[in-house]
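Trainee: Each protein sequence line maps, in turn, to chains A and B.
The number in the working numbering is simply the position in the first sequence, starting from 1, with 445 added.
The number in the working numbering is simply the position in the second sequence, starting from 1, with 1223 added.
Careful: at least some of the hints might be erroneous.
Some residues of chain B that are not near chain A, with every Cβ distance over 10 Å (derived) [said to hold, decoys possible]: (1) Thr1248; (2) Thr1253; (3) Ala1264; (4) Asp1277; (5) Lys1279; (6) Gln1303; (7) Leu1325; (8) Thr1326; (9) Lys1329.
With a cut-off of at most 25 Å between alpha-carbon atoms, the simulated DSS-like pairs for lysine-lysine come out as follows [unchecked claim]: (10) B:Lys1329 x B:Lys1259; (11) B:Lys1259 x A:Lys446; (12) B:Lys1329 x B:Lys1279; (13) A:Lys502 x B:Lys1332; (14) B:Lys1293 x B:Lys1279.
Hints in this document: simulated from the structure, not taken from any laboratory.
Computed from a prediction, not measured in an experiment: that's the story for all the values here.
Using N, Cα and C, we set each Cβ at its ideal position, and we do this for glycine too.
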Amino acid sequence: KAGVTQTPRYLIKTRGQQVTLSCSPISGHRSVSWYQQTPGQGLQFLFEYFSETQRNKGNFPGRFSGRQFSNSRSEMNVSTLELGDSALYLCASSGQLQETQYFGPGTRLLVL
Amino acid sequence: GEDVEQSLFLSVREGDSSVINCTYTDSSSTYLYWYKQEPGAGLQLLTYIFSNMDMKQDQRLTVLLNKKDKHLSLRIADTQTGDSAIYFCAEEEGSGAGSYQLTFGKGTKLSVIP
Chain A
446 KAGVTQTPRY LIKTRGQQVT LSCSPISGHR SVSWYQQTPG QGLQFLFEYF
496 SETQRNKGNF PGRFSGRQFS NSRSEMNVST LELGDSALYL CASSGQLQET
546 QYFGPGTRLL VL
Chain B
1224 GEDVEQSLFL SVREGDSSVI NCTYTDSSST YLYWYKQEPG AGLQLLTYIF
1274 SNMDMKQDQR LTVLLNKKDK HLSLRIADTQ TGDSAIYFCA EEEGSGAGSY
1324 QLTFGKGTKL SVIP
């Protein structure tokens, strides 16, 4: 069974731009969570989607948003990028009955 | 909010055992997890333990859970150079509606000396 995939793997943007990251979960998994990893703050929860609905949200500004499609693939969007948004963005998927989260390789975003 | 604490660094000699410790705060966590992260990579699930267990063994990995003290440890037997990585302890926090989020420690960087 293929693992969680994320595209693109690397991205360079400038301040003020917006960015969209994509995540394809493990086949059969319907829950997708997003996390931000930075050297200063560590790993922080962004949001979780299940059956195209956002079920849970972390403490991030409204510039961070996401969505999930009917095939469980998810995208997250960051608008009006700031330098501090430079991070590794990790996506994780889990099955309906098992909460264990399996992570993808991440998208490394650099904001200049 | 919930908090997970880990020591930041651990150095061991190849062949020795490594013990990585973690304290957590959410007594309602059903599962506690250990993830491994190698440079430039995502998080690899190593193992997890159900909160009503005291110990779980999986090949070279042993997880000990002291629920009273909210203390979790990961022991790696016969540590190899390939075990050099950052190890994250994580507790799950339920938000209701079947949703769970993970709260991670800052990670312990394990360095294995040949």
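Trainee: Now tell me if each hint is right for this structure.
Mentor: Comparing the hints with the structure gives:
no., hint, in the structure
1, Thr1248, "15 Å, holds"
2, Thr1253, "7 Å, violated"
3, Ala1264, "6 Å, violated"
4, Asp1277, "20 Å, holds"
5, Lys1279, "13 Å, holds"
6, Gln1303, "23 Å, holds"
7, Leu1325, "6 Å, violated"
8, Thr1326, "7 Å, violated"
9, Lys1329, "5 Å, violated"
10, B:Lys1329 x B:Lys1259, "12 Å, holds"
11, B:Lys1259 x A:Lys446, "20 Å, holds"
12, B:Lys1329 x B:Lys1279, "23 Å, holds"
13, A:Lys502 x B:Lys1332, "29 Å, violated"
14, B:Lys1293 x B:Lys1279, "16 Å, holds"
Violation of the numbered hints given earlier is confined to hints 2, 3, 7, 8, 9, 13; the remaining hints are satisfied by the structure.
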